[in-house]
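Construct all of the structure, not just a fragment, from the sequences and the given hints.
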Amino acid sequence: MITHLKTISIAFVCVILMGCELYPQDEFEEDYVVESYLVANRTLPQVRISKTVPVDQEYNYRDAAVNDANVEVRLMDQSGEEVEQQFQYGRQSDGVYVTNSPHKVLPQREYQLHVTFSNSDKEVLGTTFVPGDFRSENMSGDTVPYQDPEQVTINTTKSFYPGRQSFFIFTVEALEPEEEDLTPFYADQVDNDAEVNDFYSNSSGIINEENYEENEDGTLTLRLPWLAVAFYEENYIIASAIDDNMYDFYRTQDVQGGGSTLPPGELQNVIYNLEGGIGVFGSMASDTVRVFFSRNQ
Amino acid sequence: MRTFTIVAILLFIPFSHLLAQQTASVSGYVSDSQNGETLIAANVALEGTKKGTSTNTSGYYTITNVQPGAYNLVVSYIGYQSYSQKVSLEPGENLRLDIELTPQGVQMDEIVVESEVDKEEQRNIGVAQVQTELIKEVPSVFEADVFRSVQLLPGVKAASDFSSGLYIRGGSPDQTLILLDRTTVYNPTHFFGFFSTFNPDAVKDVRLYKGGYPAEYGGRLGSVLTIYNKDGNRNEFSGSASVGLLASRFSIEGPFKKGSYMLAVRRSTLEPLLAALRQSQDNIPESFYFLDLNGKVNVDADPNNKFSLAFYSGIDNLLFPFSEDASIKLNYGNQTVSSTWTHIFSNKVFSHFTVTGSRYFNFPSFNIATTPFERSNNIYDFSVKGDIEYHPNDRHSVSTGIWSGIMTLKVQDTFDGEDTFSSRIQSNYLSVYAQDEWAITNQLDLTAGLRLNGFSEGNYWKLAPRLSLEYRPIEEIRLQAAYGRYNQFLTLISNEAFSGFDTWLTTDNGVQPAYGDQYVLGAKTQPWEGYGIDMELYYRTMEDLFDLNPFIPDVAGLDYAELFRFGTGYAYGVELKFERQIGRLTGFMGYTFSVSRRKYPGFNTPVGKPQNARFFPPKYDRKHDVNLVMNYRLSERWKASAVFNYSTGQAYTKPLGRTLAFDYPTESQPLDVLVIGKVNASRLPAYHRLDVGFTRSGSFFGLGDAQWQFQLINVYSRRNIWFYNYDFDENPIEREDVTMLPILPNISYTVNF
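Residue numbers (this note's numbering), protein chains in the order written: chain U, 1 to 297; chain P, 1 to 753.
In case anyone wonders, no lab produced these hints; they're calculated from the structure. Treat each hint with caution, since some may be false.
[Said to hold, decoys possible] Now the stretches of chain U that chain P is said to cover, found in silico as 3 or more residues with beta-carbon under 8 Å:
#1 31–39
#2 259–273
[As the list claims (entries may be wrong)] With a straight-line Cα cutoff of 27 Å, these simulated DSSO-like cross-link-like pairs (lysine-lysine) come out:
#3 P:410 - P:462
#4 U:104 - U:158
#5 P:86 - P:51
#6 P:86 - P:50
#7 U:122 - P:609
#8 U:51 - P:609
We put the CB at the ideal spot given by N, CA and C, even for glycine.
Below you can see the structure in the form of structure tokens.
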């Protein structure tokens, strides 16, 4: 306590008499940025590697791309202790690394990312646990009138993630997004300076599994809110169960855009769950159903 | 343990004086001669002795243990003529002397206002009183406002021009307990935070306990703001009507056979403006208004018994179709009711017992593309409280009290017709306290108190010792020190920019109540008659803070404790106030140096080091803050007033770098990511603003007094910055200033009848 008061007394004198800054602003430091999203039962995805740029500089991806990386993805054994399989990546284009392996991502298994650089001692490490696979089924038929009182209903089997409920993101993706096919609310947004492309893939944000009713057969039933439908006609409805890394990145990046309980102007860093760099090394399981939204008469 | 022993000893000391020789006492109410309103914290003294006191929150005083003899009893209160009366006290006599003070303006033909500034109570450590006249006279944005006036005091900050929230000594608004006629008010705002709910026509007394507050109060880490509405004119019927740019007010008050009543109503009057705007612009609300009603009825049953019933009801309403196939509706407000029995058991024992009820509600609903989102948020708080003051002798004043209640917080969210979140928390609470004000010598006073706070949700019991000391080496100088432990069982989910969705949550299992210690040192002097110079230093800690975790996107299925981030904090500062209450020019200048910090695990961490959370300043932290408030009486009819504020720019987070997430699978566009260093480590440009106003007094066709007010807010139209917005459509990213109020005129007309 005495030490604390002494520090404060010194701080008082320092600040009042000399104008010391108690909490100085730090400076920009360049970071490696990695980005890769494993999807259960699909082949290994690309890994994108770039660097951050100062906020007041023009962002040019080609300049930010990192082309001297050595990329390896490792499948860990069931215990998560030992490496079961290694996948070497090669550079495909600016900052983009791919593997030739036909390996399909295994659900409920752990993968590690290991990136080193030819021109740097740094390394970037990441780990992801792939959520359990699941299946979705459209219970409402292939064609549904827009804003029909009977909303589109989808049944999904449960996904699995250790230690927590599943976190879903639902996406409604228009197959042929034309401006004349926009639903009224989104058409009004486009009239007010939004772009049609902003809406061709409409995401629900993160929704916890506990929001949904569990059926006797263990499946979950969800009703698609009409707010999610930006285009009439042919759409995909994609359900994705995401891992902790995608969850942490998405929810914290969203807060940077405002709208939370943080006061305007207070930004917090995004949570990355990577060592030696920033970005996302994440995974998910997903399934897709197809629906045609007809115009209401 | 040592603290308990000391407090116990102090509490028992008074009874050792019961066998003292037969002495006399004098007691009674102090009130306004014109309207009979009791006066809180008026100073009462026997001239030529060291015996004196100040009236309590009911306007009652007691001076005990007076040697029989003849005395001159003097009473002073700011804004009133000093009162003096000869009294002769016989051995054993308990003289009941109710006193009426005459307001200064009434009998004075002179323009110059002479005021005896002997504000003993107001200058207690950590205490500040806001004169109701000041609230009405200082220039204000559209409407006189209680909280905007409180924000002028040293140690109190505003978050922005748009917020009436009180940020006191480094604490957020939820750390201040707000009591209206002894009843808790949970969301004291109109227009989503722009104004406070308190109608200046109805208010009698506004008192802020900035810190180190006594054992009588509890439940908040930082401060207490007590507001008492008028009792109503006990002598004659009177009223006022006021028309302003934003709102109009109407109030009446008067006597009846054994008491008085007061009714005040206020309503915003934006409808004509909105209707005009709708002719030429889109996106104008269909409905947008606030309405509030204050009332009080007093029954003075006999000299020793008074009863009062006070109520408040206020609502804000918004209906806004903001886009095609999309609209928002919002209703929110507060309702309070309290009934108090004030009873004088004897000249040495004074009491009041109150039953209170408080309701806060908000019902926001959105409907976008026939997808509804609705929330029903209610707080019901019913309580009983009793306080007893005992004045065994002239050295001790013992007070004790109990406050017990039941609080119900209900939140129900539905999305697209399905319940997505439902919470019903019902908690009993109980507080008891005991306190002794001990005049150890004529120069040294000690106030020791102990408060026990209990909260059934989580079954928490917390002891909170309070201690303050005052030493007067000479008559003009008061040296003060205070310490207190404070607990808080509630937290507020809010947003600085918008208070319409405010939601309170409580402690529970796994969610410990927050606590903090406050240390305050003060030095106060009156170097010359009519002048005061005050200085206070404070240091306070905040532990076990529990705030809603801003990173939680969906609460469904989460344990209650998972909703929160748990943190710690501290604040320290110096406040200086120079006041002049005499002559044509009155007012005060306040300066505050302050530092406030918070730390939450997982927040404000360096990249790659999530365990290394750092302290950071909240946005409202301002190192330097200067306020100048001046009133100048130009002539018998004209008064001028000015308010100037200068303060260090608020803290903000400066983005250092950027990148993009190009491939996030559920997004159609790349996600922009800002890389930041320290949170809130940069400062906005300094804030400064000058407001001026002129008041012209006159007559309304001989039927009553009338006042025109002409005001100019932000005279030189300083575009103070609220925050920066970042436009990612530009490359490089462009920073845009989001500014606060430009120059604004204000005009109002008031008739008093």
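Structure-inconsistent hints, enumerated in ascending order: Checked against the structure, no hint fails, so every one of them is satisfied.
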